[in-house]
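Number of protein chains: 2
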Amino acid sequence: MQFSSKILEDAVMALSGLPGIGKKTALRLALHLSADKHQKSLKIAEALTVLHNDIKTCKKCFNLSDTEVCGICQNDSRRHKIICVVESARDVMAIEETNQFNGMYHVLGGVISPLEGIGPNDLNIDALISRIQTKEIDEIIMAISPTIEGETTIYYISKLLKEAPVKVSVIARGISFGGELEYADELTLGRSIMARLPYHAEI
Amino acid sequence: MQFSSKILEDAVMALSGLPGIGKKTALRLALHLSADKHQKSLKIAEALTVLHNDIKTCKKCFNLSDTEVCGICQNDSRRHKIICVVESARDVMAIEETNQFNGMYHVLGGVISPLEGIGPNDLNIDALISRIQTKEIDEIIMAISPTIEGETTIYYISKLLKEAPVKVSVIARGISFGGELEYADELTLGRSIMARLPYHAEI
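Taken in sequence, the protein lines are chains A and B. Quick note on numbering: numbering that gives the first Met the number 0 labels position 170 of the first sequence as 169, and the sequence is numbered without any gaps. Quick note on numbering: numbering that gives the first Met the number 0 labels position 120 of the second sequence as 119, and the sequence is numbered without any gaps.
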């Protein structure tokens with residue numbers, strides 16, 4: 000690309016560092032912003048500066064938060080004895096949107112992935128174990144993606160908790176609601192037959 | 000979306016103001032930035048602040064520029080007697096990338112579009128006419144998209160220049176190189192037959 004302006008070029012380079020934003024998209028965005036009369040670029044600049052400087056991870060559950068301890072952990076009307084273990088803050092939002100869970104969360108910050116060089120010590124697993132040991136926790140729910148890495152992480156954590164007086168459960172996996180059997184992958188379909196439930200027990 | 004953090008929400012709202020960026024994409028970007036260790040958000044914030052404060056439009060050709068008069072207009076080795084009229088700064092970049100043009104540009108800032116409420120006075124047409132009247136210009140090339148609005152704009156400018164001692168030309172339109180005839184639209188194919196050229200004259 001031949002830029003007539005260094006300022007424009009810098010903006011394009013900065014924006015194209017975002018995931019999924021290539022140089023052409025970054026150029027479209029930068030040209031849009033440079034022609035904009037509503038100070039959109041200043042608003043974005045301000046929001047990103049605040050994001051960088053002020054966003055925290057909750058020191059209890061490691062969810063993204065504006066405060067030292069996040070709103071969910073501070074909420075006394077939620078059930079504090081049940082912890083849902085997730086990979087990322089995005090997953091907390093996804094589960095909150097279902098309105099089906101009223102307990103606490105614990106954000107691991109990823110899953111164990113030797114290929115990407117992520118071991119147990121890179122995740123917030125120690126903090127989870129000490130949360131369970133120091134407080135009376137009834138149940139932890141593993142809401143982690145059923146990939147190889149996710150399964151490895153679930154297995155690793157469940158082994159650490161073998162002796163602890165806590166129930167470890169895992170979210171139901173199977174055919175999606177609205178999904179067609181003929182398009183389901185073999186592994187999911189096979190496992191969903193093996194893990195079949197008595198019909199009346201199903202919610 | 001249920002945000003656990005107001006700061007995150009503000010960042011998502013600001014980013015989703017960009018064209019082609021919905022709320023889900025904005026959330027993905029904001030989460031990426033909040034987890035980033037390379038100060039990417041600060042770099043973007045700085046680049047966008049500079050973009051907002053310091054970018055100028057060249058006072059001769061209205062191209063985006065860091066200086067009062069852009070690098071192309073200041074370049075004495077380019078041909079100053081030929082002006083290529085384009086819609087936007089993006090088109091200047093596209094033409095510069097072809098390395099086929101060594102003259103000046105004039106950025107209109109859009110095309111005449113009554114439906115969108117854009118009339119001739121909203122575009123840099125007066126400045127183009129006075130450029131042609133005050134300087135000796137040999138030729139202006141209309142490099143404007145062959146849409147209804149674009150054709151209207153070309154017609155409007157060519158009428159204004161009827162009496163002026165300047166050659167008005169328009170970029171060649173027809174079947175794209177590498178394009179297949181059977182997939183070309185009827186209008187383009189029909190016009191490209193009407194506007195056929197003697198074979199040896201073709202470059």
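Be careful, since some hints might not be right.
To be verified - Which bits of chain B does chain A cover? Going by a derived footprint, with three or more residues having C-beta under 8 Å, they are:
#1 13 to 26
#2 61 to 75
#3 164 to 170
#4 177 to 185
Unchecked claim - What follows is a set of in silico ranges between Cβ atoms, one per label pair, in the way DEER data are often shown:
#5 A:180 <-> B:34: 29 to 39 Å
#6 A:53 <-> B:58: 32 to 42 Å
#7 A:184 <-> B:77: 58 to 68 Å
#8 A:155 <-> B:34: 15 to 25 Å
#9 A:12 <-> B:73: 21 to 31 Å
#10 B:34 <-> A:67: 38 to 48 Å
Since the hints were derived computationally from the structure, they do not count as laboratory data. Even for Gly, the Cβ is constructed at its ideal location relative to N, Cα and C.
Each hint tested on the structure:
1. 13 to 26: It holds: at least three residues are needed, and the stretch 13 to 26 of chain B offers 9 whose Cβ sits within less than 8 Å of chain A.
2. 61 to 75: holds (count 7)
3. 164 to 170: violated (count 0)
4. 177 to 185: violated (count 0)
5. A:180 <-> B:34: 29 to 39 Å: Given range 29 to 39 Å: holds, Cβ gap about 37 Å.
6. A:53 <-> B:58: 32 to 42 Å: For residue 58 of chain B against residue 53 of chain A, whose Cβ atoms are near 40 Å apart, the range 32 to 42 Å holds.
7. A:184 <-> B:77: 58 to 68 Å: The hint (58 to 68 Å, Cβ to Cβ) holds, given that residue 184 of chain A and residue 77 of chain B are roughly 60 Å apart.
8. A:155 <-> B:34: 15 to 25 Å: Taking Cβ atoms as reference, residue 155 of chain A and residue 34 of chain B lie about 22 Å apart, which means the hint holds.
9. A:12 <-> B:73: 21 to 31 Å: 24 Å, holds
10. B:34 <-> A:67: 38 to 48 Å: 18 Å, violated
Hint violations for this structure: numbers 3, 4 and 10, all remaining hints satisfied.
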